[in-house]
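K.L.:
Could you put the whole structure together from the sequences, leaning on the hints where they help?
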Amino acid sequence: MHLSRRHLLKLVTAAGAASMLGGRLATAQAAQVLRIGLSTYPPHFRPWANIGWSGHLLFSLVNRNLINYDEQGNLVGELVESWAAVEPDVWEFRLRDAKFHDGTPVTSEDVKWNFEEIAKENSGAYMYDALKVIKEVEIVDDKTFRLLTAGPVATVPALMAYPFFTILKAESTDVEPQGIGAGPYKIVYAEKGVGIELEPNEHYFKGQPPLAGISVTAYADESGRVAAVTAGDVDLIDYVPWSAMEAIEGNPALKLFKKDAGPFMYLSFNGNGPFKDPRLRQAVAFGLRRDEFVSSVFFGFGAEMRGLPRAAGSPFYHEDQANFWGYDPERAKQLMKDAGYENGFEVTLLATSQYSMHRDTAVLVQSQLAEIGIKVNLQLPDWATRINMGNAGVGDFAVQGNAIDVIDPDATHSIVDPSLSPTYLRSRNFEVEGLSELYAAGKAELDEAKRVEIYKQVDQIVLDNTTICGIAYRAQGYATSAAVKNVPLLPDQIAVYSATNFDQISVE
Amino acid sequence: MGWFIRRIVQSVIMLWIVVSLVFLSIHFVPGDPVELLLSQDGAAPDPAMVAMVREQLGLNRPVLEQYLDKLGELARFDLGTSIVDFSPVATEIGKRLPRTLELIAAAAIISLLIGLPSGVLAARNPKSMFSRGAMFVAGAAQSIPVFVVGTLLVIVFAQLLGWLPAGGFVPFSRDPGKHMLLLIMPAATIAIGLSAVVFRITRSSMLEVLPQDFIRTARAKGVPARRVMIRHALRNALMPVITVFALQLGGLLAGTVLVETVFNWPGLSGMLVAGVNARDYPVVTGVIVVVAAFYIGLNLLVDIIYGLTDPRVRK
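Line by line, the protein sequences give chains A and B.
Position 124 (the first sequence) corresponds to 124 in the numbering used here; numbering is contiguous.
Position 277 (the second sequence) corresponds to 277 in the numbering used here; numbering is contiguous.
Calculated directly from the structure, the hints in this document are not laboratory data.
Note that the structure is a prediction, hence the values are computed from the model and not measured.
The C-beta atom is built at its ideal place from N, Cα and C for all residues, glycine as well.
There's no promise every hint is true.
Unchecked claim - Covered stretches of chain B (chain A as the covering partner; in silico rule of three or more C-beta atoms under 8 Å from a C-beta of chain A): (1) 125 to 132; (2) 144 to 158.
What the hints assert, rightly or not - Covered stretches of chain A (chain B as the covering partner; in silico rule of three or more C-beta atoms under 8 Å from a C-beta of chain B): (3) 121 to 132; (4) 385 to 394.
P.N.:
Encoded structure:
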């Protein structure tokens with residue numbers, strides 16, 4: 001057969017088109033597989049370590065905590081079906097009839113092994129410090145265990161819902177680094193920096209998971225991530241950039257699931273300079289127009305942070321305290337005058353140029369504080385250097401971005417108490433009388449009504465002393481294709497850990 | 001023989017200098033890998049935990065001791081293990097280097113297919129509309145940053161037309177069709193700038209060759225114009241094209257970071273950037289050593305070939 005140049009061209013074109021269509025058709029046929037575009041490939045798969053919010057998303061699909069939150073922020077049993085304080089210093093838990101990926105039952109022995117592994121000195125576990133309150137794990141029977149504490153600890157159930165505190169089969173980390181979990185899906189393929197594939201866990205205690213599988217691809221570049229979900233390459237992306245939220249909301253092919261009062265930006269203070277004086281810290285808090293941070297740094301997708309991070313709807317939320325820091329330049333100037341700085345003062349603000357939300361927040365703080373007479377010099381190194389400098393105590397104040405781990409009011413302790421060990425994340429070099437003691441009292445109080453009163457006092461002390469200065473909540477969002485159903489988000493500041501309920505997600 | 005040995009020794013010394021500079025600079029840049037590792041998304045690690053992990057990783061030892069250890073490892077062709085995930089650096093480079101080389105090779109082929117013929121055509125009649133237009137387009141292609149080109153391609157071909165995936169990577173062994181589909185846009189992004197370089201060098205080199213006597217002689221002998229252009233002129237004009245092209249390709253080995261980022265292509269550059277951000281010392285040193293060894297090895301090879309073909313070089 002004679003193959004003319006024209007014929008050859010036709011064949012090549014047809015082959016190319018078939019290949020492209022084939023790719024698209026293959027995608028359409030795999031509709032029940034959820035394709036996730038993740039903002040970061042997990043740095044490693046070692047259990048219990050904090051591997052970031054995107055790593056938490058992945059691990060939540062594979063593992064389970066003992067306790068979880070529902071969409072309203074209530075603690076609900078996950079691997080345990082019930083719990084109660086049987087004595088002030090003894091909490092008893094009853095396990096469900098749950099199984100690990102390999103079909104073996106989850107037992108009290110497995111739970112005890114997890115506690116022991118986390119407590120090892122070199123565990124690198126995120127909840128290593130938090131779990132020090134547990135003095136002993138006592139096995140009652142295969143399905144019942146008790147946690148013994150040195151005294152009453154009200155936060156024990158919330159600790160069981162701590163991010164990354166997932167329960168693995170005993171000794172299973174000897175076989176594979178991530179161990180064997182009991183979550184809805186299991187990892188069947190992972191190539192570093194490329195992708196991860198999950199298959200349903202047929203032993204999942206809530207029944208067969210709704211998806212045929214999950215395919216995870218890391219898109220570190222936020223524009224690439226948005227392009228991927230817009231082009232239909234993936235069905236769900238995390239960490240939606242604020243600049244893209246409006247376009248996604250307006251795109252009928254996409255859906256945006258978000259919480260406006262998600263993680264938050266705030267300022268921490270270093271008391272080895274002018275900010276030792278609480279009046280000057282307050283002056284900063286009353287000198288900021290927070291609406292401008294929301295509109296310019298977060299493109300309007302966020303909320304002003306005028307108080308401490310407390311989830312609205314929680315009994316520990318108080319409207320007056322949540323709106324304590326407003327814009328009041330006259331009050332700010334008066335506070336500076338009272339502190340002996342009528343003509344202003346000069347300070348250094350530590351932030352980072354690596355993340356735009358930190359950099360832009362710092363620039364706006366600089367320009368707004370200049371209006372009340374505070375000259376701010378910026379230090380904007382890369383993130384690694386910024387952590388290093390922060391830990392070394394560089395700067396008079398610093399831009400911070402964070403979320404809280406659990407809804408319990410005690411979760412703010414590590415953020416607002418400057419008397420705790422100095423780290424890059426919190427204020428340092430000044431003390432606030434009575435704050436640590438009140439936090440300790442709140443933690444030891446099992447009666448919720450009394451706890452509400454205690455933490456109301458805590459919050460007022462923090463606000464009056466401005467141990468941190470809230471700036472803005474930033475919207476936390478997931479974008480999906482219109483075919484994705486059931487994307488339940490956790491409330492407000494723990495919205496970053498919503499993936500614990502992503503076992504309900506399905507694709508139409 | 002002495003000349004060859006001298007050149008090899010020089011190359012080894014160059015590699016040692018590179019290793020030393022990289023090792024010292026990454027260690028003296030502020031930023032602690034352990035603090036970073038334990039400070040994901042707002043975590044504040046306990047200082048005691050930081051100290052424990054630092055000791056576990058051997059980072060609490062004097063820098064000189066760590067440096068000598070690193071030299072010892074490299075002498076055994078061991079690139080060490082990542083501080084972040086404890087994976088062997090050589091294995092990870094072994095996975096990523098072929099991906100970057102594949103990207104560069106695809107871009108090279110596309111740019112040669114575009115740059116060479118258009119350069120020859122433009123040189124044939126340098127005052128033609130085609131030549132002037134092509135010069136303008138080449139200038140624009142060279143001056144537009146690759147991330148802008150890449151982003152535009154994504155908007156047009158992935159988001160508006162829906163012809164190609166926006167980015168990502170699938171191993172060839174898992175899905176050859178999708179692998180090739182995903183290669184098109186990143187390769188084209190690099191090729192746009194690279195073909196402009198090839199075009200300009202080809203055109204100017206051809207313009208130098210075309211007026212020469214042997215071309216006139218060939219034409220006078222009645223050799224067909226096409227044959228004169230390709231067989232006689234282009235062959236003689238190729239040397240500078242190859243030299244510049246090879247230099248450009250060498251630069252791409254660790255310079256495709258923006259393209260790899262925009263298209264989510266998990267190559268060597270992305271590994272280097274992630275390593276620097278995490279202060280993952282073994283990864284940073286490993287990648288740079290491999291890239292440097294590649295350069296130095298190529299240079300050594302070229303020198304040796306020169307030395308063999310032209311004895312004057314050895315004097």
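K.L.:
Taking the hints in turn, state whether each one holds.
P.N.:
Consistency of the hints with the structure:
no. : hint       : verdict
1   : 125 to 132 : violated (count 0)
2   : 144 to 158 : holds (count 4)
3   : 121 to 132 : holds (count 6)
4   : 385 to 394 : holds (count 5)
Comparing the model with each earlier hint shows a violation of hint 1 alone; every other hint is respected.
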